[in-house]
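Peer 1: Okay, here's what each chain looks like letter by letter:
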Amino acid sequence: MRFDRNHLLCASIDAEIILIILQARALLAQILQAWAVGAIVNLRPLHSIERERLMHVSQLTIASGSYDRYRASTAVLNTYLPSVDLPVLELILKRLCLPSRSDDVASSRLEQSCQPRERLQGQCLDSLEFFALNDPAAANSWFAFNITLPRDGTEARSTVIFSGRALKKMDLVSSCSAEKLCQLAGALRTKHKPLKALAMHFMSRNLRFLCTRVHARSVSKAFLHDMVVSSDVQLQLRSDLQMRINFERRQRRLHFSEYVVGLAELIRSLSRVETRLLCTKKVEDHEITMIGTPRLDGATPNSLRIAWATPALQRTRIFKLEVADQVHGASEASATYRAIYRGLHAGAIINGLSPSRTYFFRVGFEYLHATCSNRGTNMVSSFNFSTEHAPPFIFDALNKGPAIVLSKESTQASFCASESWATILGSAPFISGCNAWELEIINSSSLYIFVGAATRETDLATFLGGDSHSWGYIGDRALYHKRTKLKLYGERFGHGDTIGVLLNMDYGSLSFSKNSVDFGMAFDGIMGEVYPAIAFYSKGQQVALVENSFHCPGAGDVLPGSAPTFNFDQSSDVLDLMSAMLGREPLTGRSLNRAYRYCQSWLRGCYYRVKSCCGPEMQVKREADCANLSVGQYVSTPRGNACVLGDAFGLLWFDFGVNNGAWFFTYATVRQNALRGYFRAVNPGLPNKEKKSVGLHTYTRCIDGMTFAHFHRHVRALSQGAEVNKHIVQSIDAASELHETCAWNLDAPTLIAHLDDTGLYSGVLQPTHESAACRVSLILMFNEDLLRGFPFLVNTHDHHQQNCRKQSAMISGLCPHVSRGRYRSKVTLLRGSIFGDTKHKLFRLFATHTMTRAKRAEDDYDYPEDLPQIVINRLKATTSPAMINQEAS
Amino acid sequence: MCDGSSYNMLPQGHLSSSLFGQLFNELHFLRPVSLRMGYTHPMDDGQERTFKVKFEGEGVDDYGGPYREVFAQAPSELQMINTSKGVSKCALPLLLPTHEDDRFIVNPKMISDTPLNMYSFIGQLMGIALRCKV
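Chains as they are written, first to last, in our numbering: chain A, 1 to 889; chain B, 1 to 134.
Next comes chain A alone, as it looks inside the complex:
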């Protein structure tokens, strides 16, 4: 055994103490084990090594002046090892502590070490943060550092639980300060899982404590105000959360990890504390002052830190920062602003941005105490900032096939297996613009190498063009798509060549060049979120992204409403709505507003729900001026004939009749190509999809009567309605089956008439159409939210082994505030309000995400080895007595 004394001392004293406790525990465990098998400590002389260790530990204990606390910790030890007889434990401890009693120095140290508990706790937190921020590796070694126990994750975890329990016994009040919360938020950044759990635990406990205190109004307002408003906690947490969400999204998770869900819940409770705190204040009249000019506090290739100045007086306004989701080529006026930050702090950190791109923001505020009716947000100033210059994409370590190794900056990829295909994608997708980049083939022993593009659904363990989600150009000059060799194309390429890729997402075409010689268009009809991609086959192949070759105007474009734009705020909205539907909490201002707007637009019926090629379904406006095209018309387009769906986000959407959904053209493209003969009506020989005038009809009586106050009143009545909701949902399901459309696309008159017909509705509530419409629109919104916020709601673990389950139970036992299954139980309770449609979609989602892929055999026509093959003897089955009986009868 060796102690690195310096290592120990560089941590704070308390870190050392915990370490010593832990080591003592490890030793004790060992001794106790020996004792258990029959060698009684009293009788058997200790091994010399063991004695040395004991001496060492006790010396260290004394040296650090922590004798008192060491004694105190034996109480913890007792709880930790409950199966051990107390006398035996004491006996062992006596032996451990024996030298210290005779030591004069120790007794003097003993007096010194009677620190107040808060200080001890503070120091513990200090060291936690220190390890978390400065050196994750050190944090790891700190927790894994012990004498006898193996250095694996599970031990580290139990170690943290152990020290967590020791810390848990301490008083909480002292740590409820902004500074402490900030420290803990810092500790959350560690890669060390147990440490995270511990920090999470402390934060949630502190917040719970705060909530109860605020509720009882027994905490000084000044303290709370300092804690909530002036601190950076939320800002930091939100930024962490968004970063983590982006990361997990790239991992193609079906649902987010417990950590993300816990963090979201933390932020939610933090903002609740804020709201409650501010609600206790008297409403004062504020003079309207403008928000100061926003300034850029820092920029990296992927994030911006923005702050704006505000007059000190304005404490009860909530700031709102919005970013414009723009698609390259979409009409300027229709830029959709999306809220990315909402809170009390005059600043925000925005993560997950694209490099060298200018983002348009606007910032505004709303009054917390404003009555609902005049509760508009005043978006005051708009401004723009640019992220730092960097390549628009690199190779993505999270989206790569087997045996691909990346360079440190991820600008080079090499292959270390041989004779098998593996694909790697770029880190950013393109949905628009004419994007070009170059790849240098540094090393390749064969012509078997692909360049091209793919969507995320592609199989990464095969070649590019190996399925319908990828398009590839192979080095022996051929084009592949859908596992088929389409045609010969261009020239052979390999070692030393530079291949240029031109992905024109405005038209959906892909073309290639070799050493600046253009070969012309290779593929067309490409839709969706398309990633740059390459595929390797031979050992040692290496490809690099050519610096300064990028010309990607479409980089960083996102579709409004697509998955990357769904952030924490929206998930919080979903949870608000859920609580409201369960009748636990009233629907609060913002959500109420949202619901009102949703209800209005539903009643007007001008939106139609379609599925886009990537991401979730979206609303398409059907009344828009569609550049001389009428909705429902079949037209010719550069991507083939298609049906015009309508306008959304300043783009024109078309149904191409393929399974994976609708896709768009920008207005500019439409105008340009109209001159070239495209976008003319064609006769598809199919029945026109448009049915009578569904959706364009307005239900005027309802809309006119529905003011915000009315809406509010109806919504308040919702709390008694779990049963009613169930009936409504059944009726909606029946109606959508009858009209052969999804529940969202049933227009208000049809649906309400259906409710009247079935008579389900009139019996249970006052049978006004208004309240029916209100309730139905809420259920519709809830279902839509549920689909979008789903990753936040499911919170289960892959429990392969009992052992694993136990471990995670221990961890989650540390975090009672964010205990598992909270959301799940909510979903279960709200089951009656979920459409058949939604359920079906969720089922499909689960089915696709849990599907196991068979490893493809060398030859396509061979069956994979791991596919079960079974032999059935039908003759034997049909001659069974049962069959004979049946035939006889």
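These are calculated hints, taken from the structure and not from any lab test.
Treat each hint with caution, since some may be false.
Computed list of chain A residues with no C-beta within reach of chain B, every gap over 12 Å [what the hints assert, rightly or not]: (1) 255; (2) 338; (3) 436; (4) 490; (5) 502; (6) 629; (7) 710; (8) 735; (9) 832; (10) 850; (11) 869.
Okay, derived cross-link-like pairs now, DSSO-like style, lysine-lysine, Cα gap no bigger than 30 Å in a straight line [to be verified]: (12) 482/A x 52/B; (13) 514/A x 485/A; (14) 841/A x 52/B.
Restraint ranges, calculated between C-beta atoms of paired labels, are given here [as the list claims (entries may be wrong)]: (15) 65/B x 447/A: 33 to 41 Å; (16) 29/B x 738/A: 30 to 38 Å; (17) 740/A x 117/B: 39 to 47 Å.
What you are looking at is a predicted structure, and each value in this text was computed from that prediction instead of being measured.
We put the beta carbon where it would ideally sit given N, CA and C, even for glycine.
Could you slot chain B onto chain A? The hints should help.
Peer 2: The following block gives chain B in isolation, referenced to the frame of chain A:
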């Protein structure tokens, strides 16, 4: 002889004398990971599959048809309504017909290990059918 009460234990011979039983014998011990498999052979015309079927003694290659046939025949065996004198006559009386037309209930007498495993296998089979869109 064939009523539910006498089938607390299912002898091996009976299992192989029904298609469902044969399926059960071949598949039930597989890990769930294997049963979640989705594979499309180029000749299968898009039909996803979790296993490949060979019909012994019949000159038929499985390009989706036999696979689907399995999912058609196995449930029809289980739902065989053959009531003479109110007694179900079926090799595997796992499901009992009810007085309503086309509804079945589980047989409350089948509580020994093998039938219980079979019930869970029915669930797995339904899962495979849904996943592969048979």
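Peer 1: Against this structure, judge whether each hint is valid.
Peer 2: Hint check:
| no. | hint | result |
| --- | --- | --- |
| 1 | 255 | holds (17 Å) |
| 2 | 338 | holds (35 Å) |
| 3 | 436 | holds (34 Å) |
| 4 | 490 | holds (26 Å) |
| 5 | 502 | holds (31 Å) |
| 6 | 629 | holds (33 Å) |
| 7 | 710 | holds (44 Å) |
| 8 | 735 | holds (25 Å) |
| 9 | 832 | holds (23 Å) |
| 10 | 850 | violated (6 Å) |
| 11 | 869 | violated (5 Å) |
| 12 | 482/A x 52/B | holds (23 Å) |
| 13 | 514/A x 485/A | holds (20 Å) |
| 14 | 841/A x 52/B | holds (28 Å) |
| 15 | 65/B x 447/A: 33 to 41 Å | holds (39 Å) |
| 16 | 29/B x 738/A: 30 to 38 Å | violated (45 Å) |
| 17 | 740/A x 117/B: 39 to 47 Å | holds (41 Å) |
Checked against the numbered hints above, the structure breaks hints 10, 11 and 16 and satisfies the rest.
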